[in-house]
Every structure is written in structure tokens, then in C-alpha cells.
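Participant: What follows is each chain in one-letter form.
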Amino acid sequence: MHQSNNCQQFSELITGYLDGELTQQDSQRVSLHLQSCETCKSSFEELQAMQKLIKQSKYQNMDESQLEHIVNDLTSKKLELISWVAIVSGFVFVLVLAGYEFWIDTSLSGFEKFTVGLLIAGGVGLFLSVLRQRLKNRKNDKYKGVKL
Amino acid sequence: MGSVLADITQGAFKLALQLVKQPAEAHDILQDAAIIALSHPAAPHPNSGGFKPWFYKVVRNKSIDSLRKVKRSEGEPFIEEVVPDQVQHCPQRILENAQTQQYIKAALEELPLQQREIIVLKDFHGLSYQDIANVLDIPKGSVMSRLHRARCALKLKLMPIVEE
Numbered sequence: 005m006h007q008s009n010n011c012q013q014f015s016e017l018i019t020g021y022l023d024g025e026l027t028q029q030d031s032q033r034v035s036l037h038l039q040s041c042e043t044c045k046s047s048f049e050e051l052q053a054m055q056k057l058i059k060q061s062k063y064q065n066m067d068e069s070q071l072e073h074i075v076n077d078l079t080s081k082k083l084e085l086i087s088w089v090a091i092v093s094g095f096v097f098v099l100v101l102a103g104y105e106f107w108i109d110t111s112l113s114g115f116e117k118f119t120v121g122l123l124i125a126g127g128v129g130l131f132l133s134v135l136r137q138r139l140k141n142r143k144n145d146k147y148k149g150v151k152l
Numbered sequence: 018m019g020s021v022l023a024d025i026t027q028g029a030f031k032l033a034l035q036l037v038k039q040p041a042e043a044h045d046i047l048q049d050a051a052i053i054a055l056s057h058p059a060a061p062h063p064n065s066g067g068f069k070p071w072f073y074k075v076v077r078n079k080s081i082d083s084l085r086k087v088k089r090s091e092g093e094p095f096i097e098e099v100v101p102d103q104v105q106h107c108p109q110r111i112l113e114n115a116q117t118q119q120y121i122k123a124a125l126e127e128l129p130l131q132q133r134e135i136i137v138l139k140d141f142h143g144l145s146y147q148d149i150a151n152v153l154d155i156p157k158g159s160v161m162s163r164l165h166r167a168r169c170a171l172k173l174k175l176m177p178i179v180e181e
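Protein sequence lines, in the order shown, are assigned to chains A and X. Under our numbering, think of the first position of the first sequence as 5, with each following residue one higher. Under our numbering, think of the first position of the second sequence as 18, with each following residue one higher.
These aren't lab readings, by the way, just hints derived from the structure by calculation. Any given hint could be a false lead.
Unchecked claim - From chain A, some residues computed to sit far from chain X (all C-beta separations above 10 Å): (1) Val92; (2) Ala125; (3) Gln137.
Said to hold, decoys possible - Straight line, CA to CA, 30 Å or less: simulated DSSO-like cross-link-like pairs of lysine-lysine: (4) X:Lys86 / A:Lys45; (5) X:Lys38 / A:Lys140; (6) A:Lys45 / X:Lys74; (7) X:Lys174 / A:Lys59; (8) X:Lys38 / A:Lys59; (9) A:Lys62 / X:Lys86; (10) X:Lys74 / A:Lys59; (11) X:Lys157 / A:Lys62; (12) X:Lys86 / A:Lys56; (13) X:Lys122 / A:Lys56; (14) X:Lys174 / A:Lys140; (15) X:Lys157 / A:Lys59.
What the hints assert, rightly or not - Over the 10 Å line for every Cβ pair with chain X, so calculated as not near, a few chain A residues: (16) Thr19; (17) Gly20; (18) Ser35; (19) Leu36; (20) Leu57; (21) Gln60; (22) Ile74; (23) Thr79; (24) Leu85; (25) Val96; (26) Leu112; (27) Phe115; (28) Ile124; (29) Lys140.
This structure is a prediction, so every number in the text was calculated from the model and none was measured. By construction, the Cβ of each residue, glycine as well, lies at the ideal position given by its N, Cα and C atoms.
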């Protein structure tokens, strides 16, 4: 079937239109063209019918036992994260509490408090800077190491 | 069992099956992919939105590894079949026939891997163009043209059936 040059420019766009992936402007252009061109309208309807049939295709499911095994493993990763958050939160709370107790302890001189405070602040600062660097690397290294 | 995770895992298994065509291999691929998802430090969290395309990408890459190993991929080295842009039109009634679903499935299996994967990712798994681009590691702008060529190729595969 012969397609005019005008139709050819809509050829690919019809696919995008079918998938709802066009800009509003392109979508309107295609919509108007489909109203006036029987050939492209028919092509669109065929793609639509084909898509519907593919969507309804039946493929065998994964074995229930294996599915359960994999999902449980993946869920345990979620629990791992929650556990880490709990541990870190608890640790931070204890640190804050210890810092407060230390600060209000009247048996220590101001100089002792200042020196120990400086050491703790340095340690925490160093830890945070390493943590920040690690997180930054992890973010920028999203797919590295995945065996392709 | 987390239903979202179960759905993603089940979908990923079907993707592997659509690519390698062998259930036993698809099971192995899923096992490997799950190990990567659990051990890879940069794996998105299973309940995050980015997990599905990431997991599909791992499954797709593992499927290609598997196909290369057994040298069974008819599409290797993944050169796209040249398909005329203007495909003749199939009579609508054929596409409405119940048997057509089987024909389409068979025609899909005959397509080269590169065309089959993009069609199933969109039409069966319902991924957005952005997610397809992430899974296939291609620019988002290439998805529509590649998908269009793949759909034209599928229509072309269906033509002999239509003409019967």
C-alpha cells in the first residue's frame, strides 16, 4: 500500500502516539492526521491490536518455591536496611546522651572537657567526611561492577 | 510474601523466558540476578522505584550472557533486520482471531533478540520509554524508532499467516 511523504513523517510518531510517549503538540498532530488518513488510521489500529495481543500473551510462571525463595532473599535485604537504621539511630542517641552527661559532669575541669570534646568532634568529623565520600562514590557508581 | 517484589520477580522471570526461551535457563538467570541484587553495593533497594528497571537490566544482560554461552541466539551479533518502513496492512479480522495470539507469540520468537526484547519490554511488561532506555542502555530518543522498526518487523513476520 502506498504511503505519501506526509504519511511517512507520521510513521514513527504513530508508535509514540500508541504508547502515549509524545509531547502534547506531536500527539495533537498525529491525532489530526489519523482523523484524515485512512491508511495511517488502519496502521495505528493494527499496531494497537498487536499490542493488545502481546499484552494478553500467556507465559509460564516461575515455580512457587523458587519465587518464594528469591522474594524472601530480597525482603531480607529490606530488613537489613531497617536494622542498620535502628543500630545507627541507637548509636547516635547514646552518643548524644553521653555527650550531655559529660558536659554536665562537675568533677571535670573546663580544660579537660574542652580537650576531650575536641577529640570527639575530630573523630566524628573524620567519620562523617569518610562516610560522605563513600556515599558519593556509591551514588556515582550505580551500575559499575554489574557483570554485563 | 511482598506482592510488589513477587510481581517484579515473576515479570523478570518471564522476560528471561522471552529472551532465552528455555524455562530451566530462565530459572538459573533469575537465581544469578537475585544474587547480584543482594550483593551488589550499588543495587537500588528492592522497595525503591528504581529497582524494577535495574533488576530487568541485570536479567536482560544475564540472558544475553546465557545466549552467548550456548551460541543459540539467532540474532547474534544483534544486527537488526532491515525492514521496509511501509508494511502492508494485515486484515483486521486476522488480528481479531483467537489463534492470532499464538501466531504472534511464535512470530515474536522468530525475531532477532534486539527487536524481541524491545517489543516485550514495552508491550508485555509495560515499561516506559525511559525505563526501556535504562534497561537496554540506549538513549531515550532511540527507543521510539527502534520500537517502531521492531513492530514493523513483527508485522512482516505475520504477513505469511495473513496471506494463508
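Participant: Hints broken by the structure, by number, lowest first?
Facilitator: 4, 5, 6, 12, 14, 16, 17, 20, 21, 22, 23, 24
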